[in-house]
Amino acid sequence: MTTRRLIVPAKHVGLVLIGFVMLYPVLWMVASSLRPGDEIFRSSGLILDGLQTENYTEGWNALTPSFGTYLLNSAVLVLGCIVGNLVSCSMAAYAFARLQFTGKRWWFGIMLGTIMLPIHVIIVPQYVLFSNIGWVNTFLPLIVPKILATDAFFVFLMVQFIRGLPRELDEAARIDGCGHPRIFLRIILPLMTPALATTTIFTFIWTWNDFFSQLIYLTDPDMYTVPVALRSFVDSTVATSWGSQFAMSVVSLLPIFLAFLIGQRYLVKGIATTGGK
Amino acid sequence: MSALDELRQLRKGGAQVRKGDNRAAFWFLAPWFAGLLLITVGPVLASFALGFTKYNLIQPPKLIGFDNFARILSDSRLHNALRVTFTYVLVSVPLQLACALGVAILLNRGLRGLAFYRSAFYLPSLLGSSVAIAVLWTQVFGTDGLVNRVLGFFGVEGRGWISDPDTALSTLIVLNVWTFGSPMIIFLAGLRQIPEVYYEAAAIDGASRWARFRRITLPLLSPILFFNLVLQIIHAFQSFTQAFVVSGGTGGPSDSTMFYTLYLYQQGFSRFDMGYASALAWFLLLIIAAFTAINFWAARFWVFYDD
Chain A
1 MTTRRLIVPA KHVGLVLIGF VMLYPVLWMV ASSLRPGDEI FRSSGLILDG
51 LQTENYTEGW NALTPSFGTY LLNSAVLVLG CIVGNLVSCS MAAYAFARLQ
101 FTGKRWWFGI MLGTIMLPIH VIIVPQYVLF SNIGWVNTFL PLIVPKILAT
151 DAFFVFLMVQ FIRGLPRELD EAARIDGCGH PRIFLRIILP LMTPALATTT
201 IFTFIWTWND FFSQLIYLTD PDMYTVPVAL RSFVDSTVAT SWGSQFAMSV
251 VSLLPIFLAF LIGQRYLVKG IATTGGK
Chain B
1 MSALDELRQL RKGGAQVRKG DNRAAFWFLA PWFAGLLLIT VGPVLASFAL
51 GFTKYNLIQP PKLIGFDNFA RILSDSRLHN ALRVTFTYVL VSVPLQLACA
101 LGVAILLNRG LRGLAFYRSA FYLPSLLGSS VAIAVLWTQV FGTDGLVNRV
151 LGFFGVEGRG WISDPDTALS TLIVLNVWTF GSPMIIFLAG LRQIPEVYYE
201 AAAIDGASRW ARFRRITLPL LSPILFFNLV LQIIHAFQSF TQAFVVSGGT
251 GGPSDSTMFY TLYLYQQGFS RFDMGYASAL AWFLLLIIAA FTAINFWAAR
301 FWVFYDD
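Residue numbers (full-length UniProt numbering), protein chains in the order written: chain A, 1 to 277; chain B, 1 to 307.
Just so you know, the hints here were simulated from the structure itself, not pulled from any lab data. Everything numeric in this text was worked out from a predicted model, so none of it was measured. No residue lacks a Cβ here, since even glycine has one placed at the ideal position from N, Cα and C. One or more of the hints may lead you astray.
Said to hold, decoys possible - On the chain A side, residues computed to face chain B include the following (Cβ under 10 Å):
{"hint": "1", "residue": "Val26"}
{"hint": "2", "residue": "Gly80"}
{"hint": "3", "residue": "Val83"}
{"hint": "4", "residue": "Ala93"}
{"hint": "5", "residue": "Gly134"}
{"hint": "6", "residue": "Phe153"}
{"hint": "7", "residue": "Val234"}
{"hint": "8", "residue": "Leu261"}
{"hint": "9", "residue": "Ile262"}
{"hint": "10", "residue": "Tyr266"}
As the list claims (entries may be wrong) - Counterexamples of contact, computed for chain A against chain B with all Cβ distances above 10 Å:
{"hint": "11", "residue": "Gly37"}
{"hint": "12", "residue": "Gln52"}
{"hint": "13", "residue": "Val87"}
{"hint": "14", "residue": "Ala92"}
{"hint": "15", "residue": "Asn137"}
{"hint": "16", "residue": "Val250"}
Said to hold, decoys possible - Simulated restraints, written as ranges between beta carbons of each label pair:
{"hint": "17", "chain 1": "A", "residue 1": "Gly164", "chain 2": "B", "residue 2": "Ser254", "range": "44 to 54 Å"}
{"hint": "18", "chain 1": "A", "residue 1": "Leu189", "chain 2": "B", "residue 2": "Arg215", "range": "40 to 50 Å"}
{"hint": "19", "chain 1": "A", "residue 1": "Gly164", "chain 2": "B", "residue 2": "Ile58", "range": "45 to 55 Å"}
{"hint": "20", "chain 1": "A", "residue 1": "Trp135", "chain 2": "B", "residue 2": "Arg112", "range": "48 to 58 Å"}
{"hint": "21", "chain 1": "B", "residue 1": "Pro60", "chain 2": "A", "residue 2": "Gly164", "range": "48 to 58 Å"}
{"hint": "22", "chain 1": "A", "residue 1": "Leu27", "chain 2": "B", "residue 2": "Gly65", "range": "49 to 59 Å"}
{"hint": "23", "chain 1": "B", "residue 1": "Ala201", "chain 2": "A", "residue 2": "Ile187", "range": "18 to 28 Å"}
{"hint": "24", "chain 1": "B", "residue 1": "Gly160", "chain 2": "A", "residue 2": "Leu46", "range": "19 to 29 Å"}
{"hint": "25", "chain 1": "B", "residue 1": "Leu286", "chain 2": "A", "residue 2": "Leu189", "range": "36 to 46 Å"}
{"hint": "26", "chain 1": "B", "residue 1": "Phe153", "chain 2": "A", "residue 2": "Leu72", "range": "37 to 47 Å"}
{"hint": "27", "chain 1": "A", "residue 1": "Ile7", "chain 2": "B", "residue 2": "Leu151", "range": "27 to 37 Å"}
{"hint": "28", "chain 1": "A", "residue 1": "Pro9", "chain 2": "B", "residue 2": "Asp144", "range": "32 to 42 Å"}
{"hint": "29", "chain 1": "A", "residue 1": "Leu23", "chain 2": "B", "residue 2": "Arg112", "range": "13 to 23 Å"}
{"hint": "30", "chain 1": "B", "residue 1": "Leu151", "chain 2": "A", "residue 2": "Leu46", "range": "10 to 20 Å"}
Kindly produce the complete structure, drawing on both the sequences and the hints.
Shown next as structure tokens:
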């Protein structure tokens, strides 16, 4: 057993080391954003002499409108996507998990197939469609697909969850004369809150981070979301002010970090049971 | 059970239709049907049709036959983009999965502080696709960046990792490997499914650590490894943000970070050559489908299913 006594501490040393190297750049970015601008190029450590918030004020007001607008835009967009996903995906999931309808296996197979369909394949005609109906520079091209349950990953996640609920519950309700809408709303939906929480957190993080479709649909600075604004800020401040770029990067990552802290239980469970995306 | 297992088992067993369920299903699936038609399948078919046209959003599409597809065969910048993308996918995915599996095995079986480590390793995979991390990467691997400063500390001369065409792609590969936390969690869940008694029995028989890994862990984990491989390959083919931000939207230096998706974006949304971009989109779909098909075919030689 002496080898075991050596192996466990060695494991811990190794894991701490790997974790430290991985997270160091992020920690350093946070530290650097709180340093005077010119010091970023000199200091590679994490210890601060004092807290300088000038990078934050400078970055916050660097673009017009200010960063507050982009945060608000992102928040509105994220909220719309969360509501859309929760409503439409749970409805579709109920049908796939509990109803027996014609061609169910076919439709289910198609649904699973669309999980793997890259957005790049459909973005061009989708853009043509949305620009023809005047939706460019609105959040509609980003929210409406969610209302139409195109995030099949979440449908699948919820199907998995509903299948795990005891069928006796809805059988009993059916005998009592409940129709499907009532069974769904009164029995299944309240029981699937963990799956709804997972969907909420993943939708939050993925929408907040999503850059490709927001870059394409939002070209008016007033409609910029955080990632699009951050990128345009980085492009405009050629080279010099790493401090304010870091500061705004930290601001943009903060909501994700908070969502991670609050919801990590649901995140881990969500990936572990569905196999992630 | 993963989406892939579901697809594999789809043929098995048939459910009967229950009275009244067709009507209910129609309403419950109405949003999904609309989405499938308008947002997914419709555009897939439309992009196929647009692939045969010249279209810049202003003038109506003009039929030009197979010109766009012929252009795919002769476009040397596209061929370079394919080379860059294949390199990225084929190098970063195996590295990422090796890290994920390695760390998952270290974490498995009652190590104290598991939850803490798991969170720490998982966090980068949530941050990795953001613009902010790409900004950080630009600094860290820049000429005056953190990496060079650490190297300088050890007396090693650095270089402009991102401004040098020979190393720019490697920095993006490092970034993708950095996000191994998400497949790691899937591996951890899979490892926990392997009954402890297998290892105990093997230990009694005197099997070495390596033999236990090779003969028990690897075969029983192979469906999950396969699942991760398929999904991460598809995922890596779609990488866009990091290359776009790090190269300032150009795919440079000298097209060394020109991902396929970035080239498609430039053709479609900078030059508004929607016809060619549609043809490129379809070609991408074919490539990903081919990779996935090869994966499924190869799976019978190494993936072990219990059922």
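Hints and how they fare:
1. Val26: Holds. Min distance 7 Å.
2. Gly80: Violated, about 14 Å.
3. Val83: Cβ of Val83/A sits 12 Å from chain B, so the hint is violated.
4. Ala93: holds (9 Å)
5. Gly134: Violated - the Cβ of Gly134/A stays beyond 10 Å from chain B, reaching only about 13 Å at its closest.
6. Phe153: holds (8 Å)
7. Val234: holds (6 Å)
8. Leu261: holds (9 Å)
9. Ile262: Cβ of Ile262/A sits 12 Å from chain B, so the hint is violated.
10. Tyr266: violated (12 Å)
11. Gly37: holds (13 Å)
12. Gln52: Nearest chain B Cβ is 18 Å from Gln52/A, so the label holds.
13. Val87: violated (8 Å)
14. Ala92: The assertion about Ala92/A is violated, with a minimum of 4 Å to chain B.
15. Asn137: Holds, because the least Cβ-Cβ distance between Asn137/A and chain B comes to about 14 Å, which exceeds 10 Å.
16. Val250: violated (7 Å)
17. Gly164/A to Ser254/B: 44 to 54 Å: About 53 Å separates the Cβ atoms of Gly164/A and Ser254/B, which means 44 to 54 Å holds.
18. Leu189/A to Arg215/B: 40 to 50 Å: holds (46 Å)
19. Gly164/A to Ile58/B: 45 to 55 Å: The hint (45 to 55 Å, Cβ to Cβ) holds, given that Gly164/A and Ile58/B are roughly 53 Å apart.
20. Trp135/A to Arg112/B: 48 to 58 Å: holds (53 Å)
21. Pro60/B to Gly164/A: 48 to 58 Å: holds (52 Å)
22. Leu27/A to Gly65/B: 49 to 59 Å: holds (56 Å)
23. Ala201/B to Ile187/A: 18 to 28 Å: violated (44 Å)
24. Gly160/B to Leu46/A: 19 to 29 Å: Since Gly160/B and Leu46/A have Cβ atoms about 25 Å apart, the given range 19 to 29 Å holds.
25. Leu286/B to Leu189/A: 36 to 46 Å: Taking Cβ atoms as reference, Leu286/B and Leu189/A lie about 40 Å apart, which means the hint holds.
26. Phe153/B to Leu72/A: 37 to 47 Å: holds (43 Å)
27. Ile7/A to Leu151/B: 27 to 37 Å: Given range 27 to 37 Å: holds, Cβ gap about 32 Å.
28. Pro9/A to Asp144/B: 32 to 42 Å: holds (38 Å)
29. Leu23/A to Arg112/B: 13 to 23 Å: Roughly 20 Å apart at Cβ, these two residues keep to the hinted range, so it holds.
30. Leu151/B to Leu46/A: 10 to 20 Å: The hint (10 to 20 Å, Cβ to Cβ) holds, given that Leu151/B and Leu46/A are roughly 18 Å apart.
Against the hints set out earlier in the document, violations occur for numbers 2, 3, 5, 9, 10, 13, 14, 16 and 23.
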